[in-house]
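**Student:** Residue-level listing of the chains:
There are 2 protein chains.
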Amino acid sequence: MTDQELMGRALALSRHARQSAPPNPWVGAVIVADGVVVGEGCTQPLGGPHAEVVALRAAGDLARGATMFVTLEPCAHHGRTPPCVDAIVAAGVTRVVASILDPDPRVGGRGFAALKDAGVQVEVGMESDRTVQELIAYLTQRRTGRPWVRAKVAMTLDAKVADSQGGSQWITSTEARDRGHLLRAQSQAIVVGSKTMEADHPLLTARPGGVMATLQPQRWVFAHRELSYCTPGVQVTSESPQAFLDRMGGAGVLGVLIEGGPTLLTSFVDSDLVDELFVYLAPMVFGDDGAKAAFRLPAGRLLVDPLRLNLIEAQKVGTDIELRLWSNKATTLASLFATELDHAPEAVSEW
Amino acid sequence: MTDQELMGRALALSRHARQSAPPNPWVGAVIVADGVVVGEGCTQPLGGPHAEVVALRAAGDLARGATMFVTLEPCAHHGRTPPCVDAIVAAGVTRVVASILDPDPRVGGRGFAALKDAGVQVEVGMESDRTVQELIAYLTQRRTGRPWVRAKVAMTLDAKVADSQGGSQWITSTEARDRGHLLRAQSQAIVVGSKTMEADHPLLTARPGGVMATLQPQRWVFAHRELSYCTPGVQVTSESPQAFLDRMGGAGVLGVLIEGGPTLLTSFVDSDLVDELFVYLAPMVFGDDGAKAAFRLPAGRLLVDPLRLNLIEAQKVGTDIELRLWSNKATTLASLFATELDHAPEAVSEW
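So the protein sequences, as listed, match chains Z and C. If you read the first sequence in UniProt numbering, its first letter stands for residue 1, the second for the next number, and so on. If you read the second sequence in UniProt numbering, its first letter stands for residue 1, the second for the next number, and so on.
In short, the hints are calculated from the structure, not lab data. Even for Gly, the Cβ is constructed at its ideal location relative to N, Cα and C. Among the hints, a few may not be true.
[Said to hold, decoys possible] Chain C side only, calculated, beta carbon under 7 angstroms to chain Z, not exhaustive:
#: 1; residue: G65
#: 2; residue: D158
#: 3; residue: V161
#: 4; residue: Q165
#: 5; residue: G166
#: 6; residue: V285
#: 7; residue: G287
#: 8; residue: R296
#: 9; residue: G300
#: 10; residue: L307
#: 11; residue: R308
#: 12; residue: A314
#: 13; residue: K316
#: 14; residue: V317
[Claimed, not checked] Beyond 12 angstroms from chain C on every Cβ pair, some chain Z residues (computed):
#: 15; residue: Q4
#: 16; residue: Q44
#: 17; residue: G109
#: 18; residue: R143
#: 19; residue: Q169
#: 20; residue: H181
#: 21; residue: T214
#: 22; residue: G233
#: 23; residue: D288
#: 24; residue: A293
#: 25; residue: P306
#: 26; residue: L336
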């Protein structure tokens with residue numbers, strides 16, 4: 001395996017911890033000695049060992065003189081667990097290849113410095129674009145103090161979320177709806193608007209593959225008036241989107257998912273507060289002005305200045321299409337994260 | 001290479017003749033002797049040799065005792081060129097692997113029968129789904145008498161083809177617009193509505209990659225009134241969509257492309273006359289009820305009975321997404337074509 005393939009393996013491992021690691025970053029590590037993988041692992045749930053330590057335990061004595069590939073800079077501070085740097089040095093690892101720097105103010109280059117001080121060879125930057133994509137929620141929260149904001153919309157080819165009689169269950173296929181549960185499980189907070197709460201009585205629990213996720217996100221409904229119905233356990237807020245996100249980020253929430261409906265989605269989109277939009281597009285048409293539009297901006301835009309997004313990925317999901325789109329702001333920020341690898345970054349202002 | 005890979009190679013070759021072969025089918029052929037490709041080719045323009053003969057000429061004496069992989073049943077009749085079957089037998093090919101039967105009434109199994117009569121081993125059906133997808137326009141015209149009807153729409157994420165001031169040039173990227181020119185070059189007739197003609201003054205020529213295609217499609221505008229503008233060389237018709245398609249099919253047109261606008265597209269879609277819809281989706285939003293909708297059916301549909309299509313493919317094209325969708329009728333017909341391989345098919349009625 002090439003170095004790139006080994007980092008790809010570390011990235012694949014990290015995805016196993018995507019749902020369980022937050023508020024910690026989900027990291028993967030692979031240890032290689034004489035071209036053979038002797039240990040690997042990913043971040044364990046809060047309080048458990050980090051990926052580096054899992055991989056070191058698996059490698060045992062074989063870690064001596066070996067190389068570690070790890071997606072994020074190892075920590076050098078005492079948190080809930082001892083510093084990973086100490087374990088790496090103690091195990092006799094002689095080379096660490098890390099994809100990106102950890103912008104957490106307690107790390108921010110100190111991990112790399114400590115490794116170098118101990119005589120370990122350090123390389124940074126391999127597959128950094130892919131790692132930034134993977135860890136974007138963590139990186140955004142640590143650098144800006146605000147969570148990564150995803151929004152989800154399920155609509156027809158003519159961009160309707162309900163027919164003229166309000167029929168909306170279900171526009172998309174079971175596979176697309178299951179992807180929606182995965183998005184919930186990857187978020188630490190979910191938000192709906194008051195009309196969605198009253199019309200659909202959603203549970204808002206994360207049930208990917210039909211199974212309740214171990215870690216359930218906080219559930220919130222935005223309401224500026226008395227609700228005629230609210231699902232038990234769902235919390236009500238009348239904050240502004242900006243104030244809500246600031247509070248969530250301050251509380252360590254890495255990712256927030258906006259589930260709709262159109263009014264709430266529009267208020268977040270129009271304030272440029274949505275970083276990543278998932279569109280589940282069902283190949284059907286209502287062809288009806290009376291059907292409910294997915295996007296209605298307070299001030300309509302013209303072709304000279306539309307609300308413009310960047311298409312990251314398009315894929316078939318069941319009979320539907322999943323589109324993953326990023327805002328311009330999110331795209332710019334990700335580029336920044338992927339290049340600032342060799343020094344402690346400062347907080348991003350004006351976010 | 002496996003037999004499947006060799007048929008895949010024949011299919012790839014056939015695509016080179018996609019634009020130049022009609023009204024003939026675009027076919028690919030590969031000749032293999034002792035595991036080595038000794039000759040290959042694709043259909044030449046009208047009056048030139050078929051794929052089988054091109055491959056045989058390349059193979060020369062090496063065809064003796066060899067196997068031919070060919071995407072469509074070889075012809076057994078005298079048309080503009082002598083029968084391919086005679087050439088195959090004369091060259092000493094001992095095994096022919098064909099993907100699908102040729103439904104042309106002059107062939108329809110006679111090619112396979114003639115080969116078997118001459119002692120050639122014949123196998124039919126390899127990669128038949130892929131070949132049916134590739135040759136669907138040809139197969140549809142030969143089996144139903146009607147051309148394969150494609151429609152193209154370029155729209156925003158909120159399914160608008162123009163902003164509230166009529167701005168529509170250009171919603172999609174240059175790459176997506178170039179795909180539009182490729183669709184034109186693959187069609188034998190292009191159709192627009194009167195409003196599109198008057199508003200956009202389109203040339204309607206096929207210029208993929210910025211180069212005028214050698215074979216240009218017929219250009220038509222549907223108009224039930226006097227036009228204030230018509231591009232020179234564009235023909236006017238006031239027929240119904242059904243009558244127009246019947247006439248085109250009768251004249252040997254394999255594929256028709258409906259280019260819009262929404263009124264014309266709707267009239268074809270609503271009559272279930274569109275087989276394949278290409279949607280070029282730009283990642284932008286107008287969010288404005290006053291912007292022009294891509295789909296407005298005379299009678300709006302509800303979720304219990306929407307206009308439903310089948311997603312065949314989704315891919316990024318420049319900064320946009322290209323969606324390829326088939327009607328239910330087209331999907332059913334393609335399944336039929338892919339299974340009726342060992343007998344002369346009858347004409348499909350009620351199409």
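**Student:** Against which earlier hints does the structure fall short, listed by number upward?
**Tutor:** 1, 3, 5, 14, 19, 23, 24 and 25
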